[in-house]
Amino acid sequence: MTYVSDAAIDRLRAIGDAPDFSGTRYEVGEALGRGGMGLVYRARDRELDRDVAIKVTMWATATDAERLRAEARTLAALEHPGIVPVHDVGRLPDGRVFTAMMLVRGERLDVAASSLPPPDRLRLFDRVCDAVSFAHARSVVHGDLKPSNVMVGSFGRVFVVDWGGGTTEGYMPPEQTGESTGISADVYALGALLADLTATVDPASPFRRPLRSIVARATAPDPAGRYASAAALAADVRRCADGMRVLAHRETTIERTLRLARAYRTPIALILAYLALRIVFIAWGGR
Amino acid sequence: MGGGSGAFPATRPSLVRGLASADPAARAAAYEALARSYWRPVYVYVRLRWRKSPEDAQDLTQAFFARVFEHAYLEAYDSAKARFRTFVRTCLDRFLANDAQSAARQKRGGGVAIASVDFARFDADLAEHARSDDPDPERWFYREWVRALFADAIDRLRARCAASGHRTAFTLFETYDVNDREAGVRTTYAGLARQTGLAVTDVTNELAWARRAFRAIVLDLLRDVCATDDEFRAEAHDLLGIDPS
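Those protein sequences? They're chains F and E, same order as listed.
According to our numbering, the residues represented by the first sequence are 1 to 287, in order.
According to our numbering, the residues represented by the second sequence are 1001 to 1245, in order.
Quick caveat, the hints were computed from the structure, so don't treat them as lab data.
Please note that the accuracy of each hint is not assured.
Between beta-carbon pairs, the in silico distance windows are [unchecked claim]: (1) E:P1137 - F:A199: 35 to 43 Å; (2) F:D120 - E:T1196: 45 to 53 Å; (3) F:A14 - E:A1190: 14 to 22 Å; (4) E:G1191 - F:L247: 54 to 62 Å; (5) F:R108 - E:R1051: 39 to 47 Å; (6) E:T1196 - F:V104: 32 to 40 Å; (7) F:A14 - E:A1072: 34 to 42 Å; (8) F:D222 - E:D1220: 47 to 55 Å; (9) E:A1033 - F:G23: 32 to 40 Å; (10) F:P221 - E:R1051: 54 to 62 Å.
Using N, Cα and C, we set each Cβ at its ideal position, and we do this for glycine too.
I would like the entire structure built from these sequences, with the hints used as guidance.
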């Protein structure tokens, strides 16, 4: 009897649901992960001699398949540096729909951000919001924003992947039933993403309390209490990173004083230096 | 393939159901076929989880199957409480904890030998191959059960390919999906095409054919060792990630 190693067991289990790409231009390699609507594989495009990522949807009815193809066409029209470009869409002999897209080489957002100081994390988050906001402006919502769906490539380039999936628990707003998604749901998920990214910010950091207020507003239980858009959320995050007043945060007098002192420390230092010189000068002249 | 119901084996009486047959011959046949699926996981479980010597493990494995047959243990299975393989492992643990010594003595004295099994080959495999050391006995037993199921399916696929003129498909399948590769070495369709003298598209098509056939055989075997359709669907989902209708 054939001996089947542990590694072979894993391979054979994976091919149970492996898509049949015979007759296509793609040579499918290992599974990269499971997305909202199916598995994602590394593949080789033999025609263009390049690696791509291919998402193969779960088993779908003909109606579902047509909807998925329509979604792929919509995504292909989104030309933004933070949105993974779609190269191809098609249907396998077994009826499943596949989407070929750029293979992103990088690491998950939470992994990439873990070694960065708070302002740099906020800048990465800002780029995520920018991509999502761009899609929202074209009536496309993501539906499953979470750390594993945001990749950071070389030079800090951010890619939002796996558009059109179902929302993951923890990033799902309370009003969502699992099928309905919208801009407000994406804003909620962005807030949860921001909470993850900033969970380890030093409690003594001046960013801490304003960020908590931003997260609280983005993830408000009532959609009406959230930011109206991803762009509005991003703008508040940028204010926080730049030391300006955060709209979602009600500052105490002490906080405002300290913030202004940090924001204007250079002119304040110059004025203090000038005053000190004046005092010295007056004291010297009075002798 | 895959999503269509036609891809799955036609329903036929499962071997587990055959255990409850009123016909003694049908019942014995079902029992023997079922035991054949479980020889390997049971033996490996006794050897490694219960740390028995090869000689003791051989005796205990045969004694276990003889005992459960004589006492109709498996016929008491209730599909509402657990999956069948979990039930088998639970019976095995109970047997090893309570009845093993006396049953083994009885076996040596002339118990029922259900099938001829190549235990030496099992031990050679155990010595040669590293295996996961999962502390959960259920997961551990499941792994061995899957190993036996896949090994059986591969052997059947080999025979089917030889009989139907698909030897190349089997060779490609064995090379790409079954045989282990050296660390860092990636087998590609282009590499296989060079090795076999086929076009890459032919490699893709042959491999796809072999995988479809393998999946169908696995589902066939799986249906045999499941007690109910619900259990079959659940096992198929867990094992292959598919939902046969």
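Okay, the hints, checked on the actual structure:
{"no.": "1", "hint": "E:P1137 - F:A199: 35 to 43 Å", "in the structure": "37 Å, holds"}
{"no.": "2", "hint": "F:D120 - E:T1196: 45 to 53 Å", "in the structure": "52 Å, holds"}
{"no.": "3", "hint": "F:A14 - E:A1190: 14 to 22 Å", "in the structure": "21 Å, holds"}
{"no.": "4", "hint": "E:G1191 - F:L247: 54 to 62 Å", "in the structure": "59 Å, holds"}
{"no.": "5", "hint": "F:R108 - E:R1051: 39 to 47 Å", "in the structure": "42 Å, holds"}
{"no.": "6", "hint": "E:T1196 - F:V104: 32 to 40 Å", "in the structure": "33 Å, holds"}
{"no.": "7", "hint": "F:A14 - E:A1072: 34 to 42 Å", "in the structure": "38 Å, holds"}
{"no.": "8", "hint": "F:D222 - E:D1220: 47 to 55 Å", "in the structure": "54 Å, holds"}
{"no.": "9", "hint": "E:A1033 - F:G23: 32 to 40 Å", "in the structure": "38 Å, holds"}
{"no.": "10", "hint": "F:P221 - E:R1051: 54 to 62 Å", "in the structure": "55 Å, holds"}
In this structure, none of the earlier numbered hints is contradicted; all agree with it.
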